[in-house]
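**Q** Going down the list, the protein sequences come from chains U and B.
Each step along the first sequence adds one to the number in our numbering, with nothing skipped, and position 84 is 84.
Each step along the second sequence adds one to the number in our numbering, with nothing skipped, and position 184 is 184.
For the record, the hints were derived by calculation from the structure and aren't laboratory data.
We treat Cβ as the ideally placed atom computed from N, Cα and C, and that holds for glycine.
Keep in mind that the hints are not guaranteed to be accurate.
Stated by the list, open to error - Stretch by stretch, here's where chain B covers chain U in the computed footprint (C-beta under 8 Å, at least three residues):
1) 31-40
2) 52-62
3) 70-77
4) 80-94
What the hints assert, rightly or not - Some, not all, of what chain U presents toward chain B, calculated at C-beta under 8 Å:
5) Met1
6) Lys18
7) Tyr19
8) Ala20
9) Ala24
10) Ala44
11) Leu45
12) Leu46
13) Ala47
14) Ala48
15) Trp102
16) Gly103
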Amino acid sequence: MTLWISLIATAAGCYLLKYAGLAAPRRLLDIPWLQRFATAVPIALLAALIAVEALRGEGQALAWDTARMGGLGAAVLALVLRAPFLVVVVAAAATTAALRWWGAG
Amino acid sequence: MPPSPPPFPPNDPSRERKNVQDPDRCAYLPSVDVKAPSFLRSTAVRDGIGLGVAVGAAGLAFGTAAVTAGLSPAQAVFLSLFTFTGASQFALVGVVAGGGSLVAGVLGALLLGARNTLYGLRLADVLGWRGVRRAVAAHGVIDETAAMTLPHTDRTAAREAFTATYVVLGAFWTATTLVGSLATDRVADVSAFGLDAVGPAVFLGLLWPRLRDGGARVRVIALLGAGVALATTPLLPPGVPVLLAAAAALVGLLGPGAEPVSRPDRVSVEEGRP
Numbered sequence: 001m002t003l004w005i006s007l008i009a010t011a012a013g014c015y016l017l018k019y020a021g022l023a024a025p026r027r028l029l030d031i032p033w034l035q036r037f038a039t040a041v042p043i044a045l046l047a048a049l050i051a052v053e054a055l056r057g058e059g060q061a062l063a064w065d066t067a068r069m070g071g072l073g074a075a076v077l078a079l080v081l082r083a084p085f086l087v088v089v090v091a092a093a094a095t096t097a098a099l100r101w102w103g104a105g
Numbered sequence: 001m002p003p004s005p006p007p008f009p010p011n012d013p014s015r016e017r018k019n020v021q022d023p024d025r026c027a028y029l030p031s032v033d034v035k036a037p038s039f040l041r042s043t044a045v046r047d048g049i050g051l052g053v054a055v056g057a058a059g060l061a062f063g064t065a066a067v068t069a070g071l072s073p074a075q076a077v078f079l080s081l082f083t084f085t086g087a088s089q090f091a092l093v094g095v096v097a098g099g100g101s102l103v104a105g106v107l108g109a110l111l112l113g114a115r116n117t118l119y120g121l122r123l124a125d126v127l128g129w130r131g132v133r134r135a136v137a138a139h140g141v142i143d144e145t146a147a148m149t150l151p152h153t154d155r156t157a158a159r160e161a162f163t164a165t166y167v168v169l170g171a172f173w174t175a176t177t178l179v180g181s182l183a184t185d186r187v188a189d190v191s192a193f194g195l196d197a198v199g200p201a202v203f204l205g206l207l208w209p210r211l212r213d214g215g216a217r218v219r220v221i222a223l224l225g226a227g228v229a230l231a232t233t234p235l236l237p238p239g240v241p242v243l244l245a246a247a248a249a250l251v252g253l254l255g256p257g258a259e260p261v262s263r264p265d266r267v268s269v270e271e272g273r274p
C-alpha cells in the first residue's frame, strides 16, 4: 500500500512539474541563475545514479562487479562511437551477460 | 540519430488520400492537429518510430528492473503510463530495490523530473496550446518530445512533431514495460542477462551528451555528484545519497561569468531519452 502511495505521488508530482513548465510565464527562463541551477541538477543526479547503481553491492555496501563494469565500459565505448541509444543499452546488457557467463564478477 | 533527417520520398499520394476521407482514422490521437496524410508520411512519425524502438529497449529494461525490485507488473505499467519519464522511474525503482526510504525515492524521482519543467517552459511558446490541450500535452513533456519539437519554429510542424513523438513513444514505452515486467515474472535469474547494467547504462546515455557538450563546470558537477553519492551510500538509507548529490549542482551557481551549463537552444536528439 505504501508502495502504491509513493507510485501515485511520483506520477502526480512528475505530471505537475511538466504542467508547471508549460503553464508558467516564459520569462522564468531569463533568470540566469535559475536556468543554470536547473540545468545543473540533472547532471549531478545522473552522475550520482550512475555511480551508485554501477557499484551497488549487498544492502548499503558498495561492491565491484567486473561483469557489470565491463558492460558499462561497453556502453561508454558505444557512446564514444556515437551509437544509437538502443545499441548503448544492448551493448551494456550483452557484455555484462557474456562476462558473467565466462565467470567474471 | 540526426534531429532532422533528409526528407524521404513521399509515398504514393493517391493511396494516402483515401485515408483522409475517414475522419475517425486519427480519433485515438490526443490533441491532434495532424491530418492523416501528413501523419502517415511525416518525418516526425518516422523519427518517432525510430526513437520508439530505442525507447522500447529501455522500456523492457524498466519492466525488468521494476519487477526485480519488487513491484508488480501492474505497478510497473502504472509508472510508465502515468509518470512517463524514464529517468525518474528508474531512480524510484532503484531505491525500492535497495530497500531504501520511499520518501527519498519519490523526492529523487521528482528532482530528476524537474528538468521536464525546463522543457515545458521552452515548449510553451512553440506549441501555443491552452486549456485541455495543454493539460493533455503536459503529460508528454519529456526529453525526447522536447528534442524533437524544439528545433521547429513553425507551430504546425512543432505540434506535429510533438504529437507524433509523444504518441509513438507513449505506446512503445508502456507496451514494452508490460512485456518486460511479465517476462521477468517468469525469469529466475535476471542478472544472467546482464540487466543490472541497463539502469546505469540508461543514465549514462542521458548524461553523455551533456558531458560532451558542456564545459569543465559540467564535469566538475558530475564528479562531485558521483563523489558525494558514493561517499554517503554506506552511511545513509538508499535514495538519500542521490538527493544529497543534487547539492553539487550549486557549483553551477558559483564563479564569475559562469557560462550556461548547456545552451538551452541546443537540445539534440541524443540528449533525449525517456
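**Q** None of the hints should be skipped; say for each whether it holds.
**A** Going down the list of hints, with the structure as the test:
Here's how the segment 31-40 of chain U fares: 8 of its residues keep a CB closer than 8 Å to some CB of chain B, so the rule of at least three is met and the hint holds. Proximity of the segment 52-62 of chain U to chain B, defined as three or more residues with a beta carbon under 8 Å from a beta carbon of that chain, is established by the 9 residues found. With 4 residues carrying a beta carbon less than 8 Å from a beta carbon of chain B, the segment 70-77 of chain U meets the three-residue requirement, and the given coverage holds. Residues of the segment 80-94 of chain U with a Cβ under 8 Å from some Cβ of chain B number 11, which satisfies the need for three, so the listed coverage holds.
The interface hint given for Met1/U is broken, as the beta carbon of that residue sits about 11 Å from the closest beta carbon of chain B, more than 8 Å. A distance limit of 8 Å between C-beta atoms decides the matter here; for Lys18/U the minimum to chain B is near 4 Å, and the interface restraint holds. Given the 8 Å rule on beta carbons, the hint for Tyr19/U holds: about 4 Å separates it from the nearest Cβ of chain B. About 5 Å separates the beta-carbon of Ala20/U from the nearest beta-carbon of chain B, less than 8 Å, and the hint is met.
Satisfaction of the interface hint for Ala24/U is found here, the shortest Cβ-Cβ separation to chain B being roughly 6 Å, below the 8 Å cut-off. For the restraint placing Ala44/U at the interface with chain B, the shortest Cβ-Cβ distance is roughly 3 Å, inside the 8 Å limit, so the hint holds. The interface hint given for Leu45/U holds, since its Cβ lies 5 Å from the closest Cβ of chain B, which is under the 8 Å cut-off. Because the beta carbon of Leu46/U sits about 4 Å from the nearest beta carbon in chain B, less than 8 Å, this interface hint is met.
Nearest Cβ of chain B to the Cβ of Ala47/U: about 4 Å, under the 8 Å cut. The hint holds. The interface hint given for Ala48/U holds, since its Cβ lies 3 Å from the closest Cβ of chain B, which is under the 8 Å cut-off. The closest approach between the C-beta of Trp102/U and any C-beta of chain B is roughly 12 Å, which is over the 8 Å cut-off, so the hint fails. Interface hint at Gly103/U: violated, since its Cβ lies 12 Å from the closest Cβ of chain B, which is beyond the 8 Å cut-off.
Going down the numbered hints, you'll see the structure goes against 5, 15, 16, while the others check out.
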